[in-house]
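Sequence order for the protein chains is A and B. Counted the way the working numbering counts, the first sequence spans residues 1 to 288. Counted the way the working numbering counts, the second sequence spans residues 1 to 272.
Honestly, the hints are just simulated from the structure, not real lab data. Quick caveat, the model's predicted, so the values are computed rather than measured. The beta-carbon is built from N, C-alpha and C at its ideal position, and this holds for glycine as well. Warning: the hint list may mix true and false statements.
What follows is a list of derived Cβ distance ranges for each label pair [stated by the list, open to error]:
id : chain 1 : residue 1 : chain 2 : residue 2 : range
1  : B       : T262      : A       : Y168      : 22 to 30 Å
2  : B       : L53       : A       : A152      : 47 to 55 Å
3  : A       : Y168      : B       : A135      : 39 to 47 Å
4  : B       : S3        : A       : V140      : 51 to 59 Å
5  : B       : E155      : A       : A152      : 37 to 45 Å
6  : A       : A173      : B       : R166      : 37 to 45 Å
7  : B       : A134      : A       : L61       : 39 to 47 Å
8  : A       : H16       : B       : T262      : 57 to 65 Å
9  : A       : A270      : B       : A134      : 36 to 44 Å
10 : A       : V62       : B       : A130      : 41 to 49 Å
11 : B       : G255      : A       : L61       : 25 to 33 Å
12 : B       : L7        : A       : A144      : 53 to 61 Å
13 : A       : Y168      : B       : Q261      : 17 to 25 Å
If we take Cβ atoms under 7 Å as the criterion, some of the chain A residues that face chain B in the derived model are [unchecked claim]:
id : residue
14 : F43
15 : H46
16 : G101
17 : A102
18 : G105
19 : A214
20 : S261
21 : F269
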Amino acid sequence: MAGFFEPGFFSSAPVHVALTVGGIVAVVSAVVGTFTVIRGQSFAGHALSDIGTAGGSGAFLVGVPTLYGFVAMNLTAAGVMELIGIRRPRGRDLATGIVLGAALGVAALFLYWDTTVSSTTGATINVLFGSIFTISTSTVPVVAVLGAATVAVIAALYRPLLLTSVSYDLAAARGVPVRLVSVGYLLALAVAVSLSSISIGAILSTALLIGPAATALRLTTRTGLAIGLAAAIGVAATWAGILLAYDSAAWSAGQQGWPVSFCIVAAVFACYLLASLRTRQSRHQRAR
Amino acid sequence: MFSNFMLNTWEAATIVAVVAGVVGFFTVLRGSAFAAHALPNGAFAGAAGASLLGVNALVGMGVFSLAGAVTIASLGRRARHDVATALTIVVLLGLGDLFLSRTTEYAPEIYSLLFGEILGVASTELAPTAAIGAACIAAVVVLYRPLMLSSVMPEVAEARGVSARRMDLCFLVVIALTTTMAVPVVGSLLIFSLLIGPPAAACAFTTTPRQAIVVSVLMALGIVWAAIAISYLTNLPIGFFVGTISAVFYTAGRGWVFRRQTRTAPSDPSRP
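Please take these sequences and the hints and turn them into a complete structure.
Rendered as structure tokens:
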């Protein structure tokens with residue numbers, strides 16, 4: 001036990017905050033992510049974490065808290081993506097790409113100004129990779145409230161959203177306001193992604209949004225079950241990654257430990273590979 | 001603006017724009033925007049790894065972007081393509097983060113890899129850029145007909161004996177090569193904008209594939225040249241100009257399509 005949890009793991013305050021925020025973000029990402037995977041909008045989910053950088057660096061420039069910059073930019077970007085509004089997945093990726101390209105250009109400008117104004121080269125790296133161990137305690141309530149709001153939106157939209165995601169035409173024929181549901185979903189996605197990318201970085205944001213949900217959807221076809229499973233996998237992978245990162249710092253005495261984003265990504269990817277091995281095997285057995 | 005050290009920049013940018021215009025047309029046609037974003041971003045992991053091992057950055061980027069292409073193609077065979085791409089990009093970026101934490105001297109260069117520092121192209125970088133760029137164009141020329149068929153009508157292509165999977169892998173390898181060529185000189189943001197913006201706009205203005213490729217190359221050249229000139233004069237990052245000019249071109253293209261549709265007939269709402 002002592003070798004498994006290096007000393008100080010349970011008493012360290014940054015670890016507590018990391019476990020709490022990581023857990024909340026993993027659950028919110030799993031709920032939203034299940035629909036992202038079903039709808040085939042992984043690119044939008046990932047792009048928003050990069051697009052938010054433009055808002056974050058802009059907010060930094062004018063001295064507003066970066067979270068507001070992230071949320072405002074992502075809500076705008078989600079709106080533009082929906083406005084270009086393309087139902088075919090191919091064209092939708094293109095619309096996402098155009099918005100992403102423009103936003104990254106703006107981010108390049110803002111980051112350039114940020115560095116000339118206040119000489120913080122660290123800003124780029126911080127936004128991209130984030131650091132779960134340096135979250136301040138004051139962000140925990142904000143993350144919790146915004147996360148709860150996102151989950152509430154998805155819960156309220158659950159049935160029409162599921163129908164729209166599985167069959168757009170059927171939903172439209174049934175009188176579901178498909179456009180409105182899609183906008184609602186994209187806005188929830190925008191908030192969820194801003195939340196996760198600002199607290200744990202863009203890499204982990206995408207990893208937790210897509211990885212657990214894709215893994216769960218390999219194991220079950222029932223959406224409700226998949227959401228629960230994705231949340232469980234996401235939280236487990238996040239906590240295992242945090243533990244691994246913490247332990248590795250103790251193992252490699254003197255040297256820097258492994259980065260936490262790498263550890264969590266590795267855990268998420270391992271889950272996905274295991275799940276796809278399992279489905280392949282069961283398909284093989286059924287074939288016999 | 002045309003002094004000696006700037007000449008390299010103009011030449012490198014011209015090569016990149018021509019290749020991006022050609023390869024980008026198929027990227028847009030196949031809807032591979034996500035892969036075009038993922039591979040250049042992942043390539044930076046290769047650069048970080050190469051600096052850790054003390055190898056040439058170009059080799060690291062080549063290895064990593066090719067590995068990324070193969071991973072997307074093999075994971076994407078069973079799962080959805082976008083999920084495979086998302087997982088590949090986070091794994092590549094996670095590895096990049098790991099490599100970066102093992103080395104101390106690399107950090108300031110990330111900005112230039114992500115956003116491009118086109119004003120500092122060394123003349124030794126020109127030869128590999130030109131060689132890989134030529135290989136990309138050659139690959140597209142050789143694969144032109146099967147690639148086109150497989151992109152537009154995958155079922156017909158399968159019936160004709162063109163494997164969609166193999167075409168997919170081939171095309172991802174072409175994107176990987178384009179990435180390797182472009183990222184060291186112009187950065188991953190720039191190559192992504194060039195692979196998507198000009199071809200998407202060109203498709204709106206033209207009717208045949210060949211026309212679209214020509215217009216897309218011309219637009220890419222126009223955007224890059226304008227961006228270098230403005231960036232040189234204003235001293236602002238080039239990525240900003242490439243990104244925004246591309247978006248303006250695309251918006252113009254959409255506006256053009258919209259006007260044409262409303263003028264002629266009741267439009268088909270399912271058209272992109």
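>> Would the hint on A/A214 be counted as holding, given a Cβ-Cβ threshold of 7 Å to chain B?
In response: Holds - the Cβ of A/A214 comes within 7 Å of chain B, reaching about 5 Å at its closest.
> Do A/H16 and B/T262 keep their Cβ atoms within the hinted range of 57 to 65 Å?
Replying inline: holds, 59 Å
>> Just to be sure I understand the hint, the distance between the Cβ atoms of B/G255 and A/L61 should be within 25 to 33 Å; is that true here?
In response: Given about 31 Å between the Cβ atoms, the range holds.
> Is the gap between the beta carbons of A/A173 and B/R166 within 37 to 45 Å?
Replying inline: holds, 38 Å
>> Can you tell me whether the CB distance of B/L53 to A/A152 sits inside 47 to 55 Å?
In response: holds, 49 Å
>> Is the interface hint satisfied for A/S261? The criterion is a beta-carbon contact with chain B at less than 7 Å.
In response: The hint holds - A/S261 has a Cβ within 7 Å of chain B, the shortest such distance being about 5 Å.
> Between A/Y168 and B/A135, is the Cβ distance one that fits in 39 to 47 Å?
Replying inline: About 41 Å separates the Cβ atoms of A/Y168 and B/A135, which means 39 to 47 Å holds.
>> Can you tell me whether the CB distance of A/Y168 to B/Q261 sits inside 17 to 25 Å?
In response: holds, 21 Å
>> The hint names A/A102 as touching chain B; please verify it with the least Cβ-Cβ distance against 7 Å.
In response: holds, 4 Å
> Does the Cβ distance between A/V62 and B/A130 fall inside 41 to 49 Å?
Replying inline: holds, 43 Å
>> For the hint 51 to 59 Å, verify it against the beta carbon of B/S3 and that of A/V140.
In response: holds, 54 Å
> Does the Cβ pair B/L7, A/A144 satisfy 53 to 61 Å?
Replying inline: holds, 56 Å
Consistency with the previously given hints is maintained throughout, with no hint failing.
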